[in-house]
Every structure is written in structure tokens, then in C-alpha cells.
Amino acid sequence: MSVASRFVVCLLAGAGLLVALRPAELHGQDQTATQPHAPAPRNVIVLDPGHGGTDPGADLGNKVAEKDVTLALATKLRAALAAQDFNVILTREADATVAVTADQRAQIANRSRALACVSLHATRSGSGIHIYTSALEPASDPPDTGFVPMRWDTVQQRFVAQSAQLAADLKSAFAAASLPADVRTATVPPLDSLMCPAVAVEFAPIENVASAGKGAEAASYQDAAVKAIAAALGKWRADTTPQPAAPPTSAAPATKDAQ
Amino acid sequence: MIPRYQRVLFWTFSLAIVLMTAFLLHGCRQAREKLNRHPNQTPLAAPTAAPGETVRLALADDATGRITLSEREVALPQEPTARAQALLTRLIAEYSYKNSAHPLESGPSIDDVFFVDLPLHPPAAVAAPRAAFTASAPSNSGQLAVVNLRGTFADHHPSGIGVETLTINSIIGTIYANFPRVQAVRFAVDGQTRDTLAGHADLTRTYRATDTESRSPSPETLP
Numbered sequence: 102m103s104v105a106s107r108f109v110v111c112l113l114a115g116a117g118l119l120v121a122l123r124p125a126e127l128h129g130q131d132q133t134a135t136q137p138h139a140p141a142p143r144n145v146i147v148l149d150p151g152h153g154g155t156d157p158g159a160d161l162g163n164k165v166a167e168k169d170v171t172l173a174l175a176t177k178l179r180a181a182l183a184a185q186d187f188n189v190i191l192t193r194e195a196d197a198t199v200a201v202t203a204d205q206r207a208q209i210a211n212r213s214r215a216l217a218c219v220s221l222h223a224t225r226s227g228s229g230i231h232i233y234t235s236a237l238e239p240a241s242d243p244p245d246t247g248f249v250p251m252r253w254d255t256v257q258q259r260f261v262a263q264s265a266q267l268a269a270d271l272k273s274a275f276a277a278a279s280l281p282a283d284v285r286t287a288t289v290p291p292l293d294s295l296m297c298p299a300v301a302v303e304f305a306p307i308e309n310v311a312s313a314g315k316g317a318e319a320a321s322y323q324d325a326a327v328k329a330i331a332a333a334l335g336k337w338r339a340d341t342t343p344q345p346a347a348p349p350t351s352a353a354p355a356t357k358d359a360q
Numbered sequence: 010m011i012p013r014y015q016r017v018l019f020w021t022f023s024l025a026i027v028l029m030t031a032f033l034l035h036g037c038r039q040a041r042e043k044l045n046r047h048p049n050q051t052p053l054a055a056p057t058a059a060p061g062e063t064v065r066l067a068l069a070d071d072a073t074g075r076i077t078l079s080e081r082e083v084a085l086p087q088e089p090t091a092r093a094q095a096l097l098t099r100l101i102a103e104y105s106y107k108n109s110a111h112p113l114e115s116g117p118s119i120d121d122v123f124f125v126d127l128p129l130h131p132p133a134a135v136a137a138p139r140a141a142f143t144a145s146a147p148s149n150s151g152q153l154a155v156v157n158l159r160g161t162f163a164d165h166h167p168s169g170i171g172v173e174t175l176t177i178n179s180i181i182g183t184i185y186a187n188f189p190r191v192q193a194v195r196f197a198v199d200g201q202t203r204d205t206l207a208g209h210a211d212l213t214r215t216y217r218a219t220d221t222e223s224r225s226p227s228p229e230t231l232p
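Protein sequences appear in the order of chains G and X.
What the first sequence shows, in my numbering, is residues 102 to 360, in sequence order.
What the second sequence shows, in my numbering, is residues 10 to 232, in sequence order.
Worth flagging that the hints you see were computed from the coordinates, not collected in a lab.
The model shown is predicted, which means the values in this text are computed figures rather than measured ones.
Note that beta-carbon positions come from the ideal geometry of N, C-alpha and C, so glycine has one too.
A few of these clues could be false.
[Unchecked claim] Ranges of calculated distance between the beta carbons of each label pair, as one might list FRET restraints:
1. Cys37/X with Val199/G: 55 to 61 Å
2. Ser241/G with Thr213/X: 46 to 52 Å
3. Gln201/X with Gln266/G: 52 to 58 Å
4. Val145/G with Gly61/X: 58 to 64 Å
5. Thr161/X with Val145/G: 38 to 44 Å
6. Val199/G with Pro112/X: 32 to 38 Å
7. Ala183/G with Pro117/X: 46 to 52 Å
[Said to hold, decoys possible] What the simulated footprint calls covered on chain X by chain G, stretch by stretch (three residues with Cβ under 8 Å from a Cβ of chain G suffice, anywhere in the stretch; the number is not a length):
8. 67 to 78
9. 158 to 169
10. 185 to 193
In isolation and in its complexed conformation, chain G is listed as follows:
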């Protein structure tokens, strides 16, 4: 065997050894440990700033368009979620000249297999914060055999219950931040096409809350809302992450009666 051949063989062997040892070194885990490790939590959150481009959305007054407010909210929320180690995906990053369609938004969200999808909207009708979930009826469990196709605009049926729980968490977080909020149902694109726990949050003016401005364009209102949503999504991740299985014990714990 020539020197060059031996060098190549040694190189390949070294590379293989490095690949085999690298996961344990990186994570500092002992592969022989008997303790089961917790599965990595899902971290992807999809934020959908409503409207954009040629679609300005609602006129919020004072020449403020809904599309600008939703983008500002999404940008702030992305920073708040990134601080919690979330991986945040926005369906639009800027106010492009061409509007992103509802189907395109749903495609972006569905490809990410997100932990939660939050669509952001603002209006000057009504008051308070309204959290909307899909108006679809919850789907029954899929049959054991065969592939059951679903319509593109009804895939949210599988996530209705989870979406309702997410909406409840958001409502609690808004209440904790002294922001009046309620949960409703609506048929709003792209909510019904999202394959993730999904809600649409609409910010209407708030009259009598000291910590928030009147309209959704007010920075104090946005900051309070962003803080509440980030807290709710943090709780949502903690609640939905599977807990590690308890280690097997050699003996059953003693009970009071046994003593």
C-alpha cells in the first residue's frame, strides 16, 4: 500500500470516528445513561401580519392602514419570541408591492409544521381584543385504515380543539395584562387552511385601559399586547411539549396504609 493510500484510509477513519463521537460531545450526554431524555420542544411559531401590498386592510384613521399596524406588531412579537428561543416565521417580512394571498400564507405556515400560528389584524370597529378560532366543526378521529383526503379549506378541523385551548391561553394572558379580550369563532382566510393550532387576533380600540393606548396603532397598546402574546405562547410550548417518561423504579412507593 502506498503512502498516499494509507493517508486516505487514515483520513477516512478519522472522519468516521469524529462523526460517531460528535453528537455526544455536542450535547454533553452520556449515551449509556439509562435516564430517558426529553424530546426537543417544537419551537416554530408562524406569525401572519394581515394584509399587505395592494391590500391595505382596514382604515384605522389618521392615515394609518391595518397592514402597517399588523406588520409592526409582528415585528415586535418576533423579537419578543426570539428572546424565548422561538424560531419565528413571518408570512410577510415587509410591505411588498404584491399582496401575499391567503393560500400563500397557509402554504408558508403548513410547510413549517408550526407549534402555533397567529394571524394578526386590527380594526377600529368595536372595542377590546378579539381572539378568533375557526368556525369549522371539529373533525372526528381519522379511520384506522386508508388515507382520508381533506379539503384545503377544512384542514383546520383537525386542530379545532387545540386552537380553542391556545385561544383560551391567549385570553388569560391578555387578562393578566389588563387587556380586555374575548374568544369568538369566524371564517377568515387563511385560518381554515392552517395545519397547526391557529388563531386570529384582532385588535380594536381600548377605551378604559390605562396601560394601553386607545387604538391598535398606539405603541403602548402594541407593547402590552406583544408581551401578553409572548407569555401565552411560552406557556403553550411548555404545556404542549411532551414530558419525559418517568424512570422505572425497582419498588413501588410505600403508602400510608402500608405503614
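Given the coordinates of chain G, work out where chain X should sit on it, guided by the hints.
Frame of chain G; chain X shown alone:
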């Protein structure tokens, strides 16, 4: 120095202006007196021979986000489509009143309402559906109501998920309360399909005609 003929012309025109003003004011006064002497008794709308009847309107409230049924005494034509059009026009007119709980701009709102017998396709022409599709399919009887909104109404409707959804639910609830054969409701704007009412509420769906008083109606999945 102003020439004499220009001065004469100036004063002639001034006099003419004064005379014409006096003549116009006199004419206006005469016309007003004539109107007062002979008031116009011509009805603005064609009289209806239909007796007044009690109908139920599903009225929306922006503050609570709820729909409540309320009875009204109105005269309606007997022909079903004209009846539905008049009823929904009356419903939307309620929202243009002062202090409305769901304020909308006044103006023409409902262009037409059509009733189509269900099912839309003959049963033989429909492929055997899978279980997921049959779960919410309508039965083979009943009607589909197609509500054709005016473009001006949709264009001037307030934009927002809540306010648009309440308008849709209000229309569906009113149809449900007064037309028991209707099982599903679709919307069009100026005879064309439109994605949303004013940017939010989906108008491409077929909504199931249900009691919207306490909950949102579910979109239907028609083939």
C-alpha cells in the same frame, strides 16, 4: 377718463342684474307658495297590498359580539325572492339607524336573493364521497339561498373580522329565522364571487343556515 358708452353699459348691466335677481326671488317665492297650496300627495313608493306581519331579525351587536333575535312588524311581498330581498334590506336598514349597535352606512345593500333547490348536482353525477366529505354535506332536500350584495355595500362596509362576521351571521340568522326550507347560504357581490366582504370575512364559502343567535355558523362543504 372712462368713456361715456362704457359707463352706460356698466349701469345697464348692473340694472339687469338687479332685475334678474328680483325676478328669480319672486319666482322662488311663487313656487314655494304653489307647493304649499297644493301639496304633492303622490306616494313615493308603490303601495303594497300585503298585510303587516311579524318577522324576526337577527340583529348584531358589536359590543358583545352576539346576535339576538328581535321581532318587527313589516309588510312584505309574498313572492319568496322578493320577500327575502325586502326582509334583508330591512335588516341592513336597521343598522343605519342612529345609535345602532352594529353601525353600517345607509344605502342600497341587497341586490337580489335567489333560492336554489338542493342538491346542486344530481346524486348520480356525484362520485362516491369519502367519509370526511359526507360528515357535513347537506341533506337532499331544502334550498340554497344566494344573497347577491351590492358592490357599494361591500365597498363601504367597515373592515374587521368581528364587524364583517357579525354582518354575515346577521344575514344568515335572519334567513334561518324566516325561511325554514333554506339549509345553506352563499354570497355574491354584484353577481360575482368575491373573496371577502371587506377584507376579512370569507365570502367564497357556502354557509350552513343555522341559528346564529348564540354561535357562529359553520361554513358548509358542498361539492
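Against the structure, the hints come out as follows:
The hinted window of 55 to 61 Å between cysteine 37/X and valine 199/G holds, with their beta carbons roughly 57 Å apart. For the pair serine 241/G and threonine 213/X, the beta carbons lie near 25 Å from each other, so the given range of 46 to 52 Å is not met. About 39 Å separates the C-beta atoms of glutamine 201/X and glutamine 266/G, a value inconsistent with the hinted range of 52 to 58 Å. Distance hint check for valine 145/G and glycine 61/X: the Cβ-Cβ separation is about 60 Å, which falls inside the suggested range of 58 to 64 Å.
At about 43 Å, the beta-carbon gap between threonine 161/X and valine 145/G stays in the expected band of 38 to 44 Å. The hinted window of 32 to 38 Å between valine 199/G and proline 112/X holds, with their beta carbons roughly 34 Å apart. Checked against the hint of 46 to 52 Å, the C-beta distance between alanine 183/G and proline 117/X comes to roughly 50 Å, which is consistent with it. Here's how the region 67 to 78 of chain X fares: 3 of its residues keep a CB closer than 8 Å to some CB of chain G, so the rule of at least three is met and the hint holds.
Beta-carbon proximity to chain G at under 8 Å applies to 3 residues in the region 158 to 169 of chain X; the threshold of 3 is reached and the given coverage holds. Three residues within the 8 Å Cβ limit are the bar, and the region 185 to 193 of chain X against chain G gives 0, so the coverage statement is violated.
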